[in-house]
Amino acid sequence: MIDKRIKTVAEAIADITDGSVVMIGGFGEAGSPSELIHALIDHGAKDLTVINNNTGNGEVGLAALIGNEQVSKMICSYPRSSHSKVFPTLYRAGKIALEIVPQGTLAERIRAGGAGIPAFYTATTVDTPLADGKEIRNIDGRDYVLEYGLKADFALIKCEKADRLGNLIYNKTARNFNPIMCTAANTTIVQARKIVAVGDLDPEIVVTPNVYVDRVVEVANPVIESQLVEEGVCYI
Amino acid sequence: MIDKRIKTVAEAIADITDGSVVMIGGFGEAGSPSELIHALIDHGAKDLTVINNNTGNGEVGLAALIGNEQVSKMICSYPRSSHSKVFPTLYRAGKIALEIVPQGTLAERIRAGGAGIPAFYTATTVDTPLADGKEIRNIDGRDYVLEYGLKADFALIKCEKADRLGNLIYNKTARNFNPIMCTAANTTIVQARKIVAVGDLDPEIVVTPNVYVDRVVEVANPVIESQLVEEGVCYI
Amino acid sequence: MNTENSKVKGWTREQMAELAAMDIPDGSYVNLGIGIPELVAKFVPEDREFIYHTENGLLGMGPAPEPGQEDSELINAGKKAVTALPGASFFHHGDSFTMIRGGHIDVCVLGAMQISQEGDLANWSTGAPDAIPAVGGAMDLVAGVKTIFVISQHTTKNGVAKLVEKCSYPLTGKKVVTRVFSDLAIIDVTPEGFRVRRLAPGITFEEVCEKTDAPLLPIKAY
Amino acid sequence: MNTENSKVKGWTREQMAELAAMDIPDGSYVNLGIGIPELVAKFVPEDREFIYHTENGLLGMGPAPEPGQEDSELINAGKKAVTALPGASFFHHGDSFTMIRGGHIDVCVLGAMQISQEGDLANWSTGAPDAIPAVGGAMDLVAGVKTIFVISQHTTKNGVAKLVEKCSYPLTGKKVVTRVFSDLAIIDVTPEGFRVRRLAPGITFEEVCEKTDAPLLPIKAY
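Chains as they are written, first to last, in numbering that gives the first Met the number 0: chain C, 0 to 235; chain Z, 0 to 235; chain F, 0 to 221; chain R, 0 to 221.
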């Protein structure tokens, strides 16, 4: 019987090694797999390349992972942290590298990585400094820049409901980068608010088909990052 | 008030002109917008380029449109018709052109056309005759072929439920090419089995968001192509 | 809107937003940038319906919820709590930027640091050596959306012109802006350069010229 | 399966399918080509679970429905009526080929016109001038799926070898096939060329060599 359920977040992320490339779902706090990230802080893997739209909030979740100096490179579209000096401080000290990618190009590069598309052309960044050094091609009279697909060793994902096969559905705008990141990682690790029986998810409404998912762990009452930040919680 | 509802299939397709590029949803008979196609036969626009995975069945639907000599070029992956000599006869007589595209590349070219991606690389067709004359690029040690996005003037789509704004959901494997074709046409024309009130479709399960849809017409009891073929029905 | 009161000079943020809203056609799909552009949603003319897109995966975005009704998993691109209207849909980031990059969004209203007379926009970085670059979705929006409006104070807090011959800051996109709604005037980007379309109450053409670092064409007589 | 009856010679279509099924690891995501490959689904070993993908947008495909229960909107890539098992999901063609092209499907079992000793596959066209080309999803599958098995009669109806040094028909993909299940033998594609892995009952190595148009290595002794 195929059963992708794992008992604890610690077990779920145990094989992430130093130097891994890790995609982390979420847009701001929405859809951020905070418990998996905190488990990764406890675990301590270093020299990670992290792909996320932002750099976290306060001193919890992704911001705490960065603050704990486990991340050597961020690939993101908007690294300014809200209520946090974690990333700016490390960046200005030269302790973390940054690859800035426009949000839509970041999404498409992840989608391409998952879809077996090694590279594609887009008009985004043409005539801007972010296209410097990149191949430009004129197609039908318009200039486009060549961008490459992104893949990862691991993806850390948050969803609303999962089943033991790994089918997932999400909640509102907490969907964001999660479904595409599921497709682009060698090992996709999911925290679900609820694990339901196989057959409970209507095949018409599954957002992430189970082929993309390797591990599912139930986190029934995930923290809400903004509340932790307000309370001044610091995970590290 | 935004209201994309149209009363009849004839009105819905009335502005398709000679020479138009038309994407037609469906994989075999599943998801094929037969009533819109039959309206297009009644309407008579000629010299069409049609994009569909196949070339229709029997002498109804797409096969009838081809049989009526309204199509000058087919772009498809598998043009062999079931129970029909319509396409082969015209093709061998030199009366219809054929661009053969692997099914996955066809899907991705349509998706790219809708997503503002003018071109992308894929390993599909490398080292085969279908890559002849195409640009090959080696990326990270593997050869890939350059393929271009596909767009259309019109898309003819079949769905299960729609609302007046143009949100769509589909039925089982009748989904197939329909959602991506909705994104890739200047004018997307949809036949829905049922038009429901705005708000009746859960935002979490909408497959085609309304931004992609221009016109919706209710066809409550669509024909089942295979039954027509069995009954020997000929639309032209 | 009464902008003709003789005592006032210029437009408020709300008035700039309302003027932009009045120039958006009925039935448009609209994406609003962070800041003043967000106010546009408050001023939809009564006989029109717009559908709002936010790039983090929601079409059919509604206004902010009542206090206490916020949902941390229902936010906009500015990461503020929003609502979903009847007829809304949720989707992932790949699909969201299919809408933007694919040319399916009709109008985007953005803020600006500089706008050139050719319509170049700079709104993501001053290019200062210690600045941490942060671009978000702005470059995708200007590359993909059909019509780009800018709402912005006419000058910086220090009185430096934002409408310029050539942007000195790094570009967000080239030849993308079609109309600017400032506190002093509505200005079109035309093949001949900036042209005033309408002056704010109490503002003269000469005043606008003075605060603009590029040639300015007067209101066209029709 | 009893294949050791001394009176029988070779394997039936069902036996070829069963042998292929036995070589698919537990938990695999599997895509089955049209024809004999479809039979594989009937022979999943009792202690294993496979999840079937069909490229027209269904993961978790089940067996054909009872007669009278067919749904013209629930079909497989061969356009035959199928069912959806608990845990299934429907998706569009773009997403379906993300699974295939992106390397997410573990095993694909296909038919063949020719297989070369280097693993090249030809299964879509004879290249005859009057043939109407029709490729379907075969090229995407061989380019994207991790392991490609072939099930095929060892020769054509006219006795012409299908296992060859070099394919004369247009290729579907180069160096893609790893194992062939024919009615005469199971044959691996190795860096040294074709190697017999197992002979069908009543079949000798010499017989298989005779019906193969490429050098054949004998079963490896371990």
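A couple of the hints might just be wrong.
[As the list claims (entries may be wrong)] Partner residues aside, some chain Z positions facing chain C, computed with beta carbon under 10 Å: (1) Ala13; (2) Leu89; (3) Gly93; (4) Leu97; (5) Tyr143; (6) Tyr169.
[Claimed, not checked] Calculated lysine-lysine pairs in the DSBU-like style (CA-CA distance at most 30 Å, straight line): (7) F:Lys8 <-> F:Lys41; (8) R:Lys156 <-> Z:Lys72; (9) C:Lys133 <-> F:Lys174; (10) Z:Lys133 <-> R:Lys173.
No wet-lab data here; the hints were simulated from the structure.
Even glycine gets a Cβ: it sits at the ideal position worked out from N, Cα and C.
Checked hints:
1. Because the closest C-beta pair between Z:Ala13 and chain C is about 29 Å apart, greater than 10 Å, the hint is violated.
2. Interface restraint check for Z:Leu89: the shortest CB-CB distance to chain C comes to about 30 Å, outside 10 Å, so the restraint is violated.
3. Evaluation of the Z:Gly93 hint against chain C yields a violated restraint, the C-beta minimum of about 29 Å exceeding 10 Å.
4. Checking Z:Leu97 against chain C: minimum C-beta separation of about 23 Å lies over 10 Å; hint violated.
5. Using the Cβ-Cβ criterion of 10 Å, the hint placing Z:Tyr143 at the interface with chain C is satisfied: the shortest such distance is roughly 6 Å.
6. With a least beta-carbon distance of about 8 Å to chain C, the hint placing Z:Tyr169 at the interface is held under the 10 Å criterion.
7. At roughly 22 Å between alpha-carbon atoms, F:Lys8 and F:Lys41 fall within 30 Å of each other, so this suggested pair holds.
8. Taking the CA atoms of R:Lys156 and Z:Lys72, the gap is near 35 Å; set against the 30 Å cutoff, the hint is violated.
9. Restraint check for C:Lys133 and F:Lys174: the C-alpha separation of about 20 Å stays at or below 30 Å, so the hint holds.
10. Pair hint Z:Lys133 plus R:Lys173 holds up; C-alpha atoms about 17 Å apart against a cutoff of 30 Å.
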